[in-house]
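Using the sequences and the hints given, assemble the complete structure.
Residue numbers (this note's numbering), protein chains in the order written: chain A, 1 to 80; chain B, 101 to 180.
In short, the hints are calculated from the structure, not lab data. On a predicted model such as this, the values are computed, not experimentally measured, just so you know. All C-beta atoms, glycine included, are put in the ideal place defined by N, C-alpha and C. Hints may be right or wrong, so weigh each one.
Said to hold, decoys possible - Capping the alpha-carbon separation at 30 Å, the derived lysine-lysine pairs in DSSO-like fashion look like this:
(1) B:Lys110 <-> A:Lys10
(2) A:Lys19 <-> A:Lys4
(3) B:Lys102 <-> A:Lys10
(4) B:Lys140 <-> A:Lys19
(5) B:Lys140 <-> A:Lys6
(6) A:Lys2 <-> B:Lys119
(7) A:Lys6 <-> B:Lys110
Unchecked claim - Reference listing, derived: stretches of chain A covered by chain B, where coverage requires no fewer than 3 residues with Cβ under 8 Å from a Cβ of chain B:
(8) 40-46
(9) 60-69
There are 2 protein chains.
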Amino acid sequence: MKAKIKVTLKRGVLDPQGKAIEHALSTLGFGGVDEVRQGKYIEVELEETDEARARAEVEAMCETLLANTVIENYEIELAR
Amino acid sequence: MKAKIKVTLKRGVLDPQGKAIEHALSTLGFGGVDEVRQGKYIEVELEETDEARARAEVEAMCETLLANTVIENYEIELAR
Chain A
1 MKAKIKVTLK
11 RGVLDPQGKA
21 IEHALSTLGF
31 GGVDEVRQGK
41 YIEVELEETD
51 EARARAEVEA
61 MCETLLANTV
71 IENYEIELAR
Chain B
101 MKAKIKVTLK
111 RGVLDPQGKA
121 IEHALSTLGF
131 GGVDEVRQGK
141 YIEVELEETD
151 EARARAEVEA
161 MCETLLANTV
171 IENYEIELAR
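Rendered as structure tokens:
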């Protein structure tokens with residue numbers, strides 16, 4: 001089973017990478033961009049085949065290692 | 101319109117960040133993990149409301165700035 005995890009900064013947390021992209025896009029002539037936020041995307045290939053157990057395991061991974069839950073949110077999507 | 105962009109390394113491209121996560125997970129006692137790949141996740145808030153034009157614009161952003169298409173793939177999802 002494959003877990004696709006998006007880790008994003010919470011609203012209100014300063015995002016200098018996003019700001020840098022925003023600025024670069026405007027320099028390159030892309031107008032009409034209101035805001036850019038950058039996060040991480042992680043794919044984890046699991047041996048577990050049960051969806052509920054896989055989700056619980058990936059949640060534990062996010063809480064302990066993959067996301068800093070003080071400033072980041074995470075979103076898990078499971079696929080076969 | 102909001103564009104959600106996933107930028108991932110192509111198959112076969114070495115991913116040291118993914119390997120580091122893999123190793124850390126195993127050290128933390130998470131077994132049954134076959135492979136980890138890390139990519140980037142970018143959210144762009146656009147003023148454009150037409151889906152086709154928004155997609156074309158975001159594709160141009162990916163090709164010129166957001167992804168290095170020699171070693172990376174990108175995937176665009178649009179949401180209102």
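Violated hints, by number in ascending order, as checked against the structure: The structure breaks none of the hints.
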